[in-house]
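With the hints as a guide, bring both chains together as one complex.
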Amino acid sequence: MRRALPVIVAIITGVFILVALVLPVSLGGYLSIVLRWAIVVGAMALLVAIAHLFLAQWRRLMRGNKGSLYSLVFVLVFLLSLAGGLVLGVDDANYRLWVASIQKPLEVSLLGLLALVMTSAIVQFYRARGWSPLTLAFGISALVFLVIGLGFLQALNIVQLTAALRVFEQLPLIGARGLLLGVATGALLLGLRVLFGLQRPWGD
Amino acid sequence: MTPLTTNDVVALIAVALAGICLLANLLLNRKRRNLEFKKSPTVTALLAFQHEAAEQGKRLTFGLGEGFSDRAVSIGNWLGMSVWQDAARRAVFNDHPSQAVGGSGPLVMLSQMVLRGVYQDAVALELFKPEQVLLGGVSSAANMAGLLPEVNQETNQAVALIGSFGPLAGLAANLSARKQLPMIGIADTLPTQATFFASTPLTTLGEDYFGAELSRSYTANASAQLQAQDWLRMAAVLALLIGALLKLTGAIP
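These protein sequence lines are chains A and B, in that order. For what it's worth, our numbering labels the leading residue of the first sequence as 1, then goes sequentially. For what it's worth, our numbering labels the leading residue of the second sequence as 205, then goes sequentially.
This list has only true hints and no planted wrong ones.
The calculated DSSO-like cross-link candidates involving lysine-lysine, where the alpha carbons are at most 27 Å apart (straight line), are:
(1) A:66 x B:262
(2) A:66 x B:383
(3) A:66 x B:333
(4) B:262 x B:383
A few chain B positions that, by computed beta-carbon distances, are all more than 10 Å from chain A:
(5) 231
(6) 299
(7) 326
(8) 328
(9) 442
(10) 446
(11) 447
(12) 455
Hint data in this document are derived by calculation from the structure and do not stem from the laboratory. For every residue, glycine included, the Cβ atom is placed at its ideal position computed from N, Cα and C.
For reference, chain B alone in the conformation it holds in the complex (with noise of 0.2 Å):
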């Protein structure tokens, strides 16, 4: 193992920070009664197409995105689980319930354990069917081409794809628009956000993609996430003016 570098310790100052803010917000809302809600359109149209669904005796598709693997070692996997548990429950005595792709193996193995304990916690296990979070594939484009004849099945109601995708989502933004299915496309990488951005109205840009989950269940640590990231932000932007000045100046190299 070789000894920290400058960027280390950067990067080691930026957690300690935000773990104070953190740490302050959650104290901070406790107190507080009246939290504000930040509802992000996106996830809230989802529910929707649930309801829909569950009216109609269809479903709805999850892509979970590229998962736990060496191509996408992203935390941003959590929230697409998060998102999909919660319409998982919401569906478990439905016609059909939700169906999700993930790429890779413990995003698959971990989506399945999640699902079962959704049904355990209904008393419903016998309703439970491992195919219902299938592996895609365990490369980028391989992964899509397990997701496509998902997103192509007719008792499709909507298609959503939350969690860490390359821009080749994109083609399942394309075929679900073609099959006039809504789509929610929501990704952590900023050249899919901008796929999504020209494929679906309905998506996110930037940190929003860390929103996405206070829609889904609004509690006080989710609050507390999203002022701390505020406070992070503000803390970035003066950061990067006193390096200006500094460099302005000549005080730095």
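Bound conformation, chain A alone (with noise of 0.2 Å):
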């Protein structure tokens, strides 16, 4: 029983908010507080896994082991956060200035080496993948379509080719298309399967 109940709890959940999306008239005030519930849950799941993560940085500090410094640098500049928000308050000027000060560096430059390292991997594809009919239509039609989005041939401005560059670009959407709805039909089925309890990834 004590495994079957969060089944039977999620089941319920689930079918509760399929039909409320289907009578949004009847069950709509219903589905709002379910669903703030379910976000109360989400952010003090998030508040117990910041704690958790703290406390791994902490062990790891304590024990001296390589790398340290880094988990230094984590917790001291956690509490500073924590202090700042406790204290300003979330929603202070300063204090954005200083969470962004943080996040908008790290994302820049996770992003800037990013497009070096897929320029690399680029090189070094067909290293690894070898050479075949799907690696170098891959290759290829990188390439083409890299070309055609500098815009370089637009600005040429011969209207038969700008005609047939429009029809090119339609190209790559129509392939994520195909691709977008195998996965669509994939996550739907996936879902259902939950619903219903027949997939269990929580537990058997």
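Shown next as structure tokens:
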């Protein structure tokens, strides 16, 4: 029974949300309440996970392992950010600037690094995967659509060429839609299996 | 709450159709004895890596994706958790059990609960360490910043990224390649699938993502999903063809 109870609760909640989406007028109000509960539970889970991350870094720092300097930086910045949020409040402009000053450089530097990494990945792509119709098509299409995406050809203002390029620009979208249809049907069916308790990733 | 739009009605029809297809395939598969086995080489490779890790006293590192956050509201994360649960079950008594990093609080907490269940089932609760599942960070970049140091560990035998990832996962793929660690990249988003396709030979494309589970534990209902997926794909092709014909004949604007 202990194992069946979470499954029953999950199934009832899932079915309720599906029915509430079909009958928004009569069940819409209740749906908002259930979604708010989900947000509260999710936020609590996030708090616990953050506390857990802090404790893991703290333990690493105390053990003095290799790389504990990074744990020290983490612990200090975390405590400063937490104290700032508690004292100033999360809507304070200075506090938001502090958080953005940590987050934005991280995101920008990782994205810059990704651009370099993907360039080198393309160079190593054929060495890793070998030559096949699929890899060849991948390489050629990547190159062709990169050139088209640069916009130089469109800038030539040749009517026939611009019309042809417009057709070519649709091709990746067609491919992506084909793949997305597959992914969507897969996600839909997996969702139904989870909803009806046929799939239990949280345990058998 | 606003009333249903045309798109909502179409979505509901799709859900109903999917339900019917799934149910029909479940009933059909129950009677069949010789079910077709469709192995995903990507997930079977994971099993091989796990054996090597056990032999060499090393571990597997899992990236579980960005989880159930506003950045990646995807049911696909369940799949990563299923594969990881199976891997954790096999590594309970290893020198180095599997390590996982998740990108959202609920995903990490659910994964910890799953892991605890694995150790409880193995009657080895004293070996359970909550640190085996860590929160990487609460944004895409922060999650990757949390995952990269784990990929960089010397005790790694292989790396598996299974779930909803952004293209930044390419950084983890690159790091594992530089460390000469085999990497499995299974994602449900198209940009990340393209990134993995260029970065690692062990990846899946399109809906093959959902076939990954079948290689892990072959069950009648997993097989029913794949067959129902084929039926739905055919229905989508038919609908597109009919739509194109109607458009050409001017029946629809």
